[in-house]
Amino acid sequence: MPSVKHRSLTGQAVNTPALTTQLGAVTVDQLETLKQRREALGEDAIHNVEAEWTQLIAQAQAAAANDVDPASESVQRIAQRWQELIQMFTGGDPGIARSLNTLYQQEGSEKASQGMMDAAVFDYMGRAIAIWQANGN
Numbered sequence: 156m157p158s159v160k161h162r163s164l165t166g167q168a169v170n171t172p173a174l175t176t177q178l179g180a181v182t183v184d185q186l187e188t189l190k191q192r193r194e195a196l197g198e199d200a201i202h203n204v205e206a207e208w209t210q211l212i213a214q215a216q217a218a219a220a221n222d223v224d225p226a227s228e229s230v231q232r233i234a235q236r237w238q239e240l241i242q243m244f245t246g247g248d249p250g251i252a253r254s255l256n257t258l259y260q261q262e263g264s265e266k267a268s269q270g271m272m273d274a275a276v277f278d279y280m281g282r283a284i285a286i287w288q289a290n291g292n
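Residue numbers (the numbering used here): 156 to 292.
Derived by calculation from the structure, the hints in this document are not laboratory data.
The beta carbon of each residue, even a glycine, is placed where N, CA and C say it ideally should be.
Honestly, I wouldn't trust all of these hints.
Said to hold, decoys possible - Here are the in silico distance ranges between beta carbons for each label pair:
(1) A274 / G197: 30 to 38 Å
(2) D224 / V183: 42 to 50 Å
(3) D222 / G250: 30 to 38 Å
(4) A285 / E194: 17 to 25 Å
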């Protein structure tokens, strides 16, 4: 089953009870915001971002597998772009960001990412992002 993020970005129907279960305390207003963001970005941008996520996750997997320090310059570039893509998805809405975090916490990273990322890579990037944020980003 596609994730709420995937369904909302691709314009597929998402019913409110399923959203409450999968995304936590998401509101109808937040869902409308996601729909508007999708429309504003357009299909080409959505496809480009999906492709970029695939590449970014592959880079993170390789870095984690090779025990690259999460504080290294190369991983910090991944962390920065990771955060930029999340910002693009949430539009800076802290409620949507919380709902996305809730999804990953409740469902686990592998299920929430539709098998694109396992818990080890998710945790690795969590450490990298924490370092990136601690450096004033």
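Hints, one by one, checked against the model:
1. A274 / G197: 30 to 38 Å: At 33 Å between Cβs, range holds.
2. D224 / V183: 42 to 50 Å: Given about 43 Å between the Cβ atoms, the range holds.
3. D222 / G250: 30 to 38 Å: holds (36 Å)
4. A285 / E194: 17 to 25 Å: Hint violated: Cβ distance 33 Å, outside 17 to 25 Å.
The structure does not agree with numbered hint 4 stated previously, though it agrees with all others.
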